[in-house]
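Colleague: Based on these hints, arrange chain B on the given structure of chain A.
Sequences listed follow chains A and B, in order.
Under full-length UniProt numbering, the first residue of the first sequence is numbered 1, with each subsequent residue one higher.
Under full-length UniProt numbering, the first residue of the second sequence is numbered 1, with each subsequent residue one higher.
Hints listed in this document are in silico derivations from the structure and should not be mistaken for laboratory results.
We put the CB at the ideal spot given by N, CA and C, even for glycine.
One or more hints might be untrue.
To be verified - Taking lysine-lysine pairs in the DSS-like style, the calculated list, with each CA pair at most 25 Å apart, reads: (1) B:Lys232 with B:Lys154; (2) B:Lys154 with A:Lys113; (3) A:Lys94 with A:Lys76; (4) B:Lys163 with B:Lys228; (5) A:Lys113 with B:Lys239; (6) B:Lys239 with B:Lys204; (7) B:Lys163 with A:Lys90; (8) B:Lys49 with A:Lys94; (9) A:Lys72 with A:Lys90; (10) B:Lys239 with A:Lys90; (11) B:Lys163 with A:Lys113; (12) B:Lys31 with A:Lys76; (13) B:Lys163 with A:Lys76; (14) A:Lys90 with B:Lys204; (15) A:Lys187 with A:Lys216; (16) B:Lys163 with B:Lys239; (17) B:Lys223 with B:Lys163; (18) A:Lys113 with B:Lys204; (19) B:Lys228 with B:Lys56; (20) B:Lys239 with B:Lys31; (21) B:Lys232 with A:Lys113; (22) A:Lys72 with A:Lys94; (23) B:Lys31 with B:Lys232; (24) A:Lys76 with B:Lys223; (25) B:Lys204 with A:Lys94; (26) B:Lys132 with B:Lys49; (27) B:Lys216 with B:Lys154; (28) B:Lys223 with B:Lys239.
Stated by the list, open to error - Quick list of simulated restraints, FRET-style, between CB atoms: (29) B:Gln184 with A:Gln79: 27 to 35 Å; (30) B:Lys163 with A:Gln79: 16 to 24 Å; (31) B:Pro182 with A:Thr6: 29 to 37 Å; (32) B:Glu145 with A:Ala68: 54 to 62 Å; (33) B:Met171 with A:Glu182: 35 to 43 Å; (34) B:Glu67 with A:Asp25: 53 to 61 Å; (35) A:Lys103 with B:Ser98: 53 to 61 Å; (36) B:Asp37 with A:Ser87: 31 to 39 Å; (37) B:Cys238 with A:Lys76: 26 to 34 Å; (38) B:Lys56 with A:Asp152: 55 to 63 Å; (39) A:Gly66 with B:Asn194: 31 to 39 Å; (40) A:Lys94 with B:Glu76: 54 to 62 Å.
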Amino acid sequence: MDCVVTGGNVKVLAKAIHSLSRIGDELYLEPQENGLALRSVNSSRSAYACFLFSPLFFSRYTIPLGHAFRCKMAIKCVQAVFRSLSSLEKTVEKCHIELDGEKSRLTFTLHCKYGLLKTHNLSFQDSESLQAVFDKESCANMLHAQPRLLVDTVLHFPPSLEEVSVSVSGERVWFRNHVDDEAEQSKAMLTELCLSSDEFDHFAVGAQTSITFCLKELRGLLVFAESTGLPVSMYFDEPGSPVVLSVTDSVLEVNFVLATLSNDANLCNHNNNNTKRARSPPPDDFMTDDIDSYLIAMETSELAGPSDALAPRSPSSNHTLTTQPSVAMRRLERGEEEEEEDTEDTERPPNKKFRSLFFGSVCPSDSQLTNQTIKSQEVLASDSEDDTQASLP
Amino acid sequence: MPLSTQSQTGGDNYVLVASLDNVRNLSNILKAITFKDHAIFNATPNGLKVTVEDSKCLQANAFIQAEIFQEFTIREDSVGFQVNLTVLLDCLTIFGGSTVPGVATALRMCYNGYGYPLTLFLEEGGVVTVCKINTQEPEEPIDFEFCSTNVTNKVILQSESLKEAFSELDMTSEVLQITMSPSQPYFRLSTFGNSGNAHYDYPKDSDMMELFQCTKTQTNRCKMSLLKPSTKALALSCKVSVRTDDRGFLSLQYLVRNDDGQICFVEYYCCPDEEVEEE
Numbered sequence: 001m002d003c004v005v006t007g008g009n010v011k012v013l014a015k016a017i018h019s020l021s022r023i024g025d026e027l028y029l030e031p032q033e034n035g036l037a038l039r040s041v042n043s044s045r046s047a048y049a050c051f052l053f054s055p056l057f058f059s060r061y062t063i064p065l066g067h068a069f070r071c072k073m074a075i076k077c078v079q080a081v082f083r084s085l086s087s088l089e090k091t092v093e094k095c096h097i098e099l100d101g102e103k104s105r106l107t108f109t110l111h112c113k114y115g116l117l118k119t120h121n122l123s124f125q126d127s128e129s130l131q132a133v134f135d136k137e138s139c140a141n142m143l144h145a146q147p148r149l150l151v152d153t154v155l156h157f158p159p160s161l162e163e164v165s166v167s168v169s170g171e172r173v174w175f176r177n178h179v180d181d182e183a184e185q186s187k188a189m190l191t192e193l194c195l196s197s198d199e200f201d202h203f204a205v206g207a208q209t210s211i212t213f214c215l216k217e218l219r220g221l222l223v224f225a226e227s228t229g230l231p232v233s234m235y236f237d238e239p240g241s242p243v244v245l246s247v248t249d250s251v252l253e254v255n256f257v258l259a260t261l262s263n264d265a266n267l268c269n270h271n272n273n274n275t276k277r278a279r280s281p282p283p284d285d286f287m288t289d290d291i292d293s294y295l296i297a298m299e300t301s302e303l304a305g306p307s308d309a310l311a312p313r314s315p316s317s318n319h320t321l322t323t324q325p326s327v328a329m330r331r332l333e334r335g336e337e338e339e340e341e342d343t344e345d346t347e348r349p350p351n352k353k354f355r356s357l358f359f360g361s362v363c364p365s366d367s368q369l370t371n372q373t374i375k376s377q378e379v380l381a382s383d384s385e386d387d388t389q390a391s392l393p
Numbered sequence: 001m002p003l004s005t006q007s008q009t010g011g012d013n014y015v016l017v018a019s020l021d022n023v024r025n026l027s028n029i030l031k032a033i034t035f036k037d038h039a040i041f042n043a044t045p046n047g048l049k050v051t052v053e054d055s056k057c058l059q060a061n062a063f064i065q066a067e068i069f070q071e072f073t074i075r076e077d078s079v080g081f082q083v084n085l086t087v088l089l090d091c092l093t094i095f096g097g098s099t100v101p102g103v104a105t106a107l108r109m110c111y112n113g114y115g116y117p118l119t120l121f122l123e124e125g126g127v128v129t130v131c132k133i134n135t136q137e138p139e140e141p142i143d144f145e146f147c148s149t150n151v152t153n154k155v156i157l158q159s160e161s162l163k164e165a166f167s168e169l170d171m172t173s174e175v176l177q178i179t180m181s182p183s184q185p186y187f188r189l190s191t192f193g194n195s196g197n198a199h200y201d202y203p204k205d206s207d208m209m210e211l212f213q214c215t216k217t218q219t220n221r222c223k224m225s226l227l228k229p230s231t232k233a234l235a236l237s238c239k240v241s242v243r244t245d246d247r248g249f250l251s252l253q254y255l256v257r258n259d260d261g262q263i264c265f266v267e268y269y270c271c272p273d274e275e276v277e278e279e
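Same shape as in the complex, but just chain A (with noise of 0.2 Å):
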């Protein structure tokens, strides 16, 4: 992989990459034909973020034909790279990012003012491909706003306030802090803002319903989205299944997957079940996740994984969770980041897969996956509306 990217663009990739950082300690990075795909998925597998940028985004962009390669590195080591943010685009002319598969070394070299030259080269992993199964377009509710909305709302909420809850119904949109059950009601305070339907670019509601996932990574993708002055765009069901935050533009497409909460105890009861026949309990020490009562739909493959027809999460599987795990359910995260160790400590035969428990069923057999990778990857791009805006500032 050869590409470079200058003038305002560099900017934009930084902050992407800073907005990757939110999610997870890893970059994925995979040239792909369609443009190069930056991914990030955090460690209970609850967040998932995608940056694809399209060829049309670099100045320079080519890929080595025929030939899949994808790679994983931790994410603060390209921090680094762009660690003056504010100073980027006043001092760095170009940014030249070049892969040499054989020495395993990734390379940016930063142009700057003055002809001072950066270079960074980073060691790297390879990977199987990261692709998280969403299908936005089905969605019931869709909401578009220009990113300085969100972002006023957002600012009501303590930096300290992990969750936030999104309602909607009919005209209307209320965001409020989540509070947890166990807190003290008493004590707690609620901050609800209600926002019309008119202050959206699109309003498209068709089942009213109210979710809960994470701010932090809300926060980040916006942001990314302020920096560009891209609007967001918000897809989600019914509380449980995930919620995709997109920001599109014609020369990148954003989509971030977060988890939403279920307020449904019973499905967890049933989980639990399932969970103890299928799993014995693993030691204590893999928990470390502080939002291990998240799940989405995650699929981590050898192949890159499907995002098109083989999504079919039905409303009624069984990944749901309550806001307190049991401690069956806590058990059931540990088996499944247990079994992530393993496959990174042991060398992870090629075709294995890691699949969350949760979407077993969405996960097609290594056979039927290899014709589909490219397709799977077209679908994703064609989710881009065909935008005639003009290439990023």
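Modeller: Same frame as chain A, now just chain B:
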């Protein structure tokens, strides 16, 4: 040096009296060399030189010329003493070290000679604080024998361009490698960290490069931990001169402009970390 002065009182008997209208002109520059507690003070009629050392590998000197002081009286050719720099800085900023224009702490620093404490009279807004800091036996600073005739490579850069590089340096790297060469890459800073390596190249014709005198390709490594304190000096400075001699010793000289526009110098000497094969 006489063993003692006749009297402990009376300004007339001080061997050294230095007054400043704005104590920041002294405290700021001392902050640029604060990485160890012990500071060796050496006053001559030319001014004050303060030396701080670490592990016999790093030496920092701050020079405050006599002209910087409103009064600088010295009764001997050379007056030396050692004090705890952290304590001294705490005293100098006892009024909070305000940066508000028009509000300045005035200082009168007196020393009676060997065996006497260093006496500071600080005044701000009519309030006077008197601090006495016990002095210690002055040690002899290490002579790095860094001689300008042995300098093989020298560049002078606007600090601005180095500030950015130093603020971004990969601190997981154990060393900072400095390459100076009459041919490419001219002047290069390299780090070798956990995530890979990074190089910062400054072309010799850059507007940031004030002087470029390299005669020989030289690659030196310095411990990052040793160089880290020098970023304080860099932050204050407007120009920096980077020199290496034939032994691979590194000299960094910082030109610092104080609040009143006067110029002072801070200098760092650093031993090379290890021999690097020269091209």
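Colleague: Work down the list of hints and note, for each, if the structure agrees.
Modeller: Hint by hint, here is what the structure shows:
Annotation: proposed proximity of B:Lys232 to B:Lys154 holds, straight-line Cα distance about 21 Å (limit 25 Å). For the hint linking B:Lys154 to A:Lys113, the alpha-carbon distance of about 22 Å falls within 25 Å, and the restraint holds. Proposed proximity of A:Lys94 and A:Lys76 is supported: the alpha carbons are some 21 Å apart, at most 25 Å. Proposed proximity of B:Lys163 and B:Lys228 is supported: the alpha carbons are some 12 Å apart, at most 25 Å.
Using a Cα cut-off of 25 Å, the hinted pair A:Lys113 and B:Lys239 holds, with the two alpha carbons roughly 18 Å apart. With a CA separation close to 16 Å, the supplied pair B:Lys239 and B:Lys204 stays within the 25 Å bound. Among the hinted pairs, B:Lys163 with A:Lys90 is consistent with the structure: their alpha-carbon atoms are about 15 Å apart, no more than 25 Å. Restraint check for B:Lys49 and A:Lys94: not satisfied, since their Cα atoms lie roughly 45 Å apart, outside the 25 Å limit.
Note on A:Lys72 and A:Lys90: the hinted pairing is violated, with a Cα-Cα distance of about 29 Å set against a maximum of 25 Å. Between B:Lys239 and A:Lys90, the direct Cα distance comes to roughly 21 Å. Compliance with the 25 Å bound is thereby established for this hinted pair. Proximity of B:Lys163 to A:Lys113 is assessed by CA-CA distance (about 14 Å); at most 25 Å being required, the pair is judged to hold. Between B:Lys31 and A:Lys76 the alpha-carbon distance is near 31 Å, which puts this suggested pair outside the 25 Å criterion.
Between B:Lys163 and A:Lys76 the CA atoms are separated by roughly 21 Å; this keeps the pair inside 25 Å, and the hint holds. Of the pairs offered as hints, the one joining A:Lys90 and B:Lys204 holds, with about 21 Å between alpha carbons and a cut-off of 25 Å not exceeded. Taking the CA atoms of A:Lys187 and A:Lys216, the gap is near 23 Å; set against the 25 Å cutoff, the hint holds. Straight-line distance between C-alpha atoms of B:Lys163 and B:Lys239 comes to about 10 Å, which keeps the hinted pair within the 25 Å bound.
With a C-alpha separation of about 18 Å, the suggested pair B:Lys223 and B:Lys163 falls inside the 25 Å cut-off, and the hint holds. In summary, the hint linking A:Lys113 to B:Lys204 is supported, as the alpha carbons are separated by about 14 Å, within the 25 Å threshold. The straight-line distance between the Cα atoms of B:Lys228 and B:Lys56 is roughly 16 Å, inside the 25 Å bound, and the hint therefore holds. For the proposed pair B:Lys239 and B:Lys31, the alpha carbon gap of about 18 Å is at most 25 Å, so the pair holds.
For the suggested pair B:Lys232 and A:Lys113, the alpha carbons sit about 24 Å apart, so the restraint of at most 25 Å is met. Restraint check for A:Lys72 and A:Lys94: the C-alpha separation of about 23 Å stays at or below 25 Å, so the hint holds. Between B:Lys31 and B:Lys232, the direct Cα distance comes to roughly 7 Å. Compliance with the 25 Å bound is thereby established for this hinted pair. This hinted pair checks out: A:Lys76 and B:Lys223 have alpha carbons roughly 23 Å apart, not beyond 25 Å.
About 20 Å separates the Cα atoms of B:Lys204 and A:Lys94, which keeps this hinted pair within 25 Å; it holds. For the suggested pair B:Lys132 and B:Lys49, the alpha carbons sit about 20 Å apart, so the restraint of at most 25 Å is met. Restraint check for B:Lys216 and B:Lys154: satisfied, since their Cα atoms lie roughly 10 Å apart, inside the 25 Å limit. The suggested pairing of B:Lys223 with B:Lys239 holds, with an alpha-carbon distance near 22 Å, which does not exceed 25 Å.
Between B:Gln184 and A:Gln79 the beta carbons are some 29 Å apart, a value that agrees with the proposed interval 27 to 35 Å. Between B:Lys163 and A:Gln79 the Cβ separation comes to about 19 Å, which falls inside the hinted range of 16 to 24 Å. Checked against the hint of 29 to 37 Å, the C-beta distance between B:Pro182 and A:Thr6 comes to roughly 31 Å, which is consistent with it. Restraint check, B:Glu145 to A:Ala68: a C-beta distance of roughly 59 Å satisfies the suggested window 54 to 62 Å.
Here the CB-CB span from B:Met171 to A:Glu182 is close to 39 Å, well matched to the stated 35 to 43 Å. For the hinted restraint 53 to 61 Å between B:Glu67 and A:Asp25, the CB-CB distance of approximately 55 Å keeps it satisfied. Between A:Lys103 and B:Ser98 the beta carbon distance is about 54 Å. The supplied range of 53 to 61 Å therefore holds. Taking the beta carbon of each, B:Asp37 and A:Ser87 are about 35 Å apart, inside 31 to 39 Å as hinted.
Range check, B:Cys238 to A:Lys76: about 32 Å between beta-carbon atoms, so the 26 to 34 Å window is met. Here the CB-CB span from B:Lys56 to A:Asp152 is close to 58 Å, well matched to the stated 55 to 63 Å. The hint said 31 to 39 Å for the Cβ distance between A:Gly66 and B:Asn194, and at roughly 34 Å that hint holds. Taking the beta carbon of each, A:Lys94 and B:Glu76 are about 60 Å apart, inside 54 to 62 Å as hinted.
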